[in-house]
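*Asks:* Produce the complete structure using the sequences and hints provided.
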Amino acid sequence: MADQQHIRNFSIIAHIDHGKSTLADRFIQTCGGLSAREMSEQVLDSMDIERERGITIKAQSVTLHYKARNGETYQLNLIDTPGHVDFSYEVSRSLAACEGALLVVDAAQGVEAQSVANCYTAIEQGLEVLPVLNKIDLPSAEPERVCQEIEEIIGVPADEALRISAKTGFGVDDLLEQLVAKVPPPKGDPEAPLQALIIDSWFDNYLGVVSLVRVVNGFINRKQRITIMSTGKSHLVEKLGVFTPKPFDKEVLQTGEVGFVIAGIKDIFGAPVGDTITASDRPCKAPLPGFQQVQPRVFAGLYPVESDDYESLREALNKLHLNDAALQYEPETSQALGFGFRCGFLGMLHMEIIQERLEREYDLDLITTAPTVVYEVLKTDDTTIQIDNPSKLPPPNEIAEIREPIIEANILVPQDYLGNVITLCIEKRGVQTKMQYMGGQVSISFELPLSEVVLDFFDRLKSVSRGFASFDYEFRRFQAAPLIKLDILINGERVDALSLIVHRDISQSRGRDLVERMKDLIPRQMFEVAIQAAIGSKIIARSSVKAMRKNVLAKCYGGDITRKKKLLEKQKAGKKRMKQVGKIDIPQEAFLAVLRVNKDS
Amino acid sequence: MLAIPPLSLYIHIPWCVRKCPYCDFNSHRADGAPPESSYVNALLADLERELPAVAGRTVETIFIGGGTPSLFGADAIGALLAGVRARVEVAEEAEITLEANPGTAESGKFRGFREAGVNRLSIGVQSFEPEPLRRLGRIHGREEALRAADLAREAGFDNFNLDLMFGLPEQSPDQALEDLQTAIGLGPTHLSFYQLTLEPNTLFHKYPPPLPEDDAIWAMQREGQARLAEHGYCQYEVSAYGQEGFRCRHNLNYWRFGDYLGLGAGAHGKVTDPKTGTITRTWKIKHPQHYLDAAGQPERQGGRKKVERDELPFEFLMNALRLREGFAEALFFERTGLPVEILEPKLSACLDEGWLERRNGFLRCTETGYNFLDNVLQRFLR
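Taken in order, these protein sequences are the chains called U and L.
Residues in the first sequence are numbered consecutively from 1, following this note's numbering.
Residues in the second sequence are numbered consecutively from 602, following this note's numbering.
Some hints here could point you the wrong way.
Derived DSS-like pairs (lysine-lysine); straight-line CA-CA distance at most 25 Å [what the hints assert, rightly or not]:
#1 L:K807 with U:K566
#2 L:K947 with U:K572
#3 U:K565 with L:K906
#4 L:K887 with U:K566
#5 U:K572 with L:K906
#6 U:K566 with L:K620
#7 U:K538 with U:K519
#8 L:K947 with U:K566
#9 L:K807 with U:K575
#10 U:K565 with L:K807
#11 U:K564 with L:K947
No lab work stands behind these hints: they were computed from the structure.
*Replies:* Right, dumping it as structure tokens:
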């Protein structure tokens with residue numbers, strides 16, 4: 001067991017593909033003394049167990065024992081951080097559990113905005129940030145330029161940045177040495193009342209909630225009674241331990257250590273991320289700082305294609321919710337789609353993940369309506385309401401003002417693509433707030449309506465910069481704007497699930513684009529389908545899907561029967577993910593048509 | 602209770618001079634002369650193994666299809682039919698059809714086929730226009746197509762069908778109607794007038810030719826049907842038109858969910874066993890050489906599978922709704938052993954929707970339902 005002075009808690013900050021997992025694997029291999037083959041087996045085994053139990057896809061942390069060149073053994077706790085802009089709160093909680101962070105930068109590609117944002121968070125929290133240049137073995141590596149970028153953009157000295165290759169193992173030992181030397185040991189008071197930070201919690205079918213914690217002060221024992229501070233509830237610790245990466249049971253987690261705690265908690269809200277655990281018999285005075293209830297930013301309706309699946313969808317959401325505090329849902333009814341749920345997500349990626357899990361793990365066919373942000377509406381009676389569904393907008397005569405959420409986007413882009421990025425941001429109603437040249441890249445900030453960002457901003461940004469631009473955003477405020485509701489009518493019927501809130505200036509063109517796009521997405525039916533876009537009672541655009549003339553197999557004789565049956569089954573399967581609205585089959589894509597508008601214009 | 606339905610016999614001859622790019626039947630290019638006598642022997646051995654399942658029953662119709670059965674000599678066809686008659690009772694007035702190519706080589710054999718006992722020919726004309734024929738990969742030309750009908754009649758076939766396609770690559774409605782008019786002018790008793798469709802596993806499916814627009818195809822069908830009716834060809838199935846009294850009895854048995862034995866490479870069969878109340882589908886190994894090699898070893902020659910009760914209603918409808926007259930509700934019970942109510946509530950939904958109609962104890966498609974039969978059928982899937 002390591003004493004406090006020999007513990008090092010750290011995270012790896014890296015952009016996707018910059019080599020975070022390869023480096024982590026390399027650490028496990030070096031410290032565990034396992035061969036590459038054994039290691040992959042071990043890691044895989046552990047994953048299988050996790051999969052069977054339906055917990056998380058990969059270990060959230062790993063505890064390693066590193067024998068340093070000075071002959072002493074250190075306990076290294078590597079804490080994983082989610083790598084997407086949707087999950088910035090989770091990242092901040094992971095970093096709060098560390099004293100140091102490795103900023104891993106691809107020596108060929110340079111710094112990316114997401115790393116910058118996470119790195120700032122790390123610096124703000126007082127972490128020791130060690131820049132590392134990875135993929136130094138690549139012929140296209142430009143360590144000098146990238147070091148300069150790190151200094152200019154992030155503002156941390158890079159003269160001692162190690163040059164490594166996680167792939168070949170080059171420089172990894174030196175990096176571990178540097179880590180031990182430069183990252184300070186955890187401070188914490190072993191004698192103080194217990195304070196442990198919940199870094200992450202997930203739901204296990206057998207064990208209940210498993211929480212990954214960092215013991216900040218005091219220590220935590222098996223069979224001890226603990227209190228979760230936000231709920232005030234007391235629980236008995238049944239099991240605790242560390243991940244190696246396999247779960248390894250222990251009797252105690254000391255000050256500064258990172259490990260898991262299982263205390264018979266039944267749902268994820270019983271142990272929310274960022275909350276503090278203390279001892280029931282000797283509670284601490286105040287929780288650790290920084291705890292927030294997560295706020296969904298993007299909302300969409302989820303409807304079962306088959307209305308019989310409504311209860312299954314409710315159950316599935318319930319289960320996912322146990323494991324994902326950020327997912328919110330409540331029943332809603334749509335005239336067009338029937339019974340479903342309005343769900344709140346952290347962002348588009350989060351929404352896609354949930355949607356995919358519902359379909360894959362719970363075998364549900366779903367229709368997702370176009371994602372929308374929350375609007376604030378000041379009514380003429382001076383009350384303010386929040387709207388997370390365009391069809392719930394009050395009638396125009398009751399609206400004094402509609403306010404939309406504004407975010408500040410921080411974009412990092414090579415100079416060559418700066419013009420394109422500015423054009424894109426202006427098209428998205430952006431207002432520039434900052435611009436700074438740094439090496440070959442430009443850091444530029446825009447205030448943008450969140451609604452424009454959730455649509456297709458990320459994809460567009462990647463496409464106008466050939467993949468080089470990266471970005472990160474933060475919520476700023478609600479701001480009044482001339483917003484109106486755009487309705488879509490199909491064969492004269494207003495389809496509530498297709499309504500959206502748009503800026504008045506672009507409403508005409510958005511309406512035209514949308515009906516054209518829908519015309520291509522709705523398959524031909526037995527009758528003509530008219531598609532119209534309307535603002536209030538005024539039709540602003542129209543198009544139509546021509547009627548199919550017939551749909552019948554020309555030939556079918558005795559021998560073919562099984563094959564023809566399969567053909568019909570296949571045709572029918574193709575109609576899945578289509579929702580019957582009135583008599584019209586509308587495919588999932590049409591509900592998300594608004595996401596496709598402008599994409600290839 | 603399942604009743605014993607009429608019994609047909611389908612015999613597959615899997616060879617062609619060459620494979621047409623639209624064809625998804627089990628056909629194989631014949632390199633040199635196909636092994637006629639060993640294949641006939643294999644077919645008869647095949648029949649013998651099927652016989653116990655249909656003991657005591659009479660074969661009402663025989664259809665020799667392909668491939669190109671007319672590649673076989675009249676002697677081989679004669680030996681085949683004699684062999685069949687020696688093993689199973691064939692009704693005196695049985696309809697015995699053979700599929701033939703209009704090429705000169707085949708039409709020279711028509712008289713021999715007639716003498717062998719074939720009493721109906723189905724001639725695969727497809728088109729009379731040289732360019733479409735070339736694109737379809739057909740080996741005959743316009744002249745041969747035109748002469749085939751005369752030769753059939755001269756050979757003693759007063760009952761023959763012409764296969765004709767529409768919606769051919771780059772075909773105009775006028776061209777399609779001209780083809781149809783030419784076919785009608787040849788005076789067949791029966792016409793199969795069907796749209797070219799790009800079937801999976803064909804060359805056309807992989808490299809689609811430029812087909813006419815939907816509206817043009819629709820015009821071909823509508824005007825073609827009017828033209829056929831004018832000349833006394835009554836539509837009784839999606840693509841089948843017959844003169845009074847000359848509907849194809851063999852195909853009608855399929856569509857009425859009758860029984861049939863399937864002999865030959867890739868042939869499918871369907872047999873009802875009223876004792877156990879079960880319906881079994883059978884199939885034979887597809888490749889001709891493998892089929893020949895497996896002769897005498899029934900376990901290698903094919904497979905069989907019981908049709909589950911819950912599959913029967915759909916399979917019945919898939920056939921019977923293709924008929925313009927639909928089906929007598931009593932027939933549904935006779936052929937599936939299930940009450941027609943088992944189709945509820947989907948049946949009522951289709952009636953309400955105006956896709957199906959009920960009249961004089963018959964259920965059939967309305968005009969809309971008939972044109973959208975695939976949509977109607979899909980309602981009954983799952």
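*Asks:* Confirm or reject each hint.
*Replies:* Okay, the hints, checked on the actual structure:
no., hint, result
1, L:K807 with U:K566, "holds, 19 Å"
2, L:K947 with U:K572, "holds, 15 Å"
3, U:K565 with L:K906, "holds, 15 Å"
4, L:K887 with U:K566, "holds, 18 Å"
5, U:K572 with L:K906, "holds, 24 Å"
6, U:K566 with L:K620, "holds, 24 Å"
7, U:K538 with U:K519, "holds, 20 Å"
8, L:K947 with U:K566, "holds, 20 Å"
9, L:K807 with U:K575, "holds, 23 Å"
10, U:K565 with L:K807, "holds, 21 Å"
11, U:K564 with L:K947, "holds, 21 Å"
The structure shown violates none of the earlier numbered hints.
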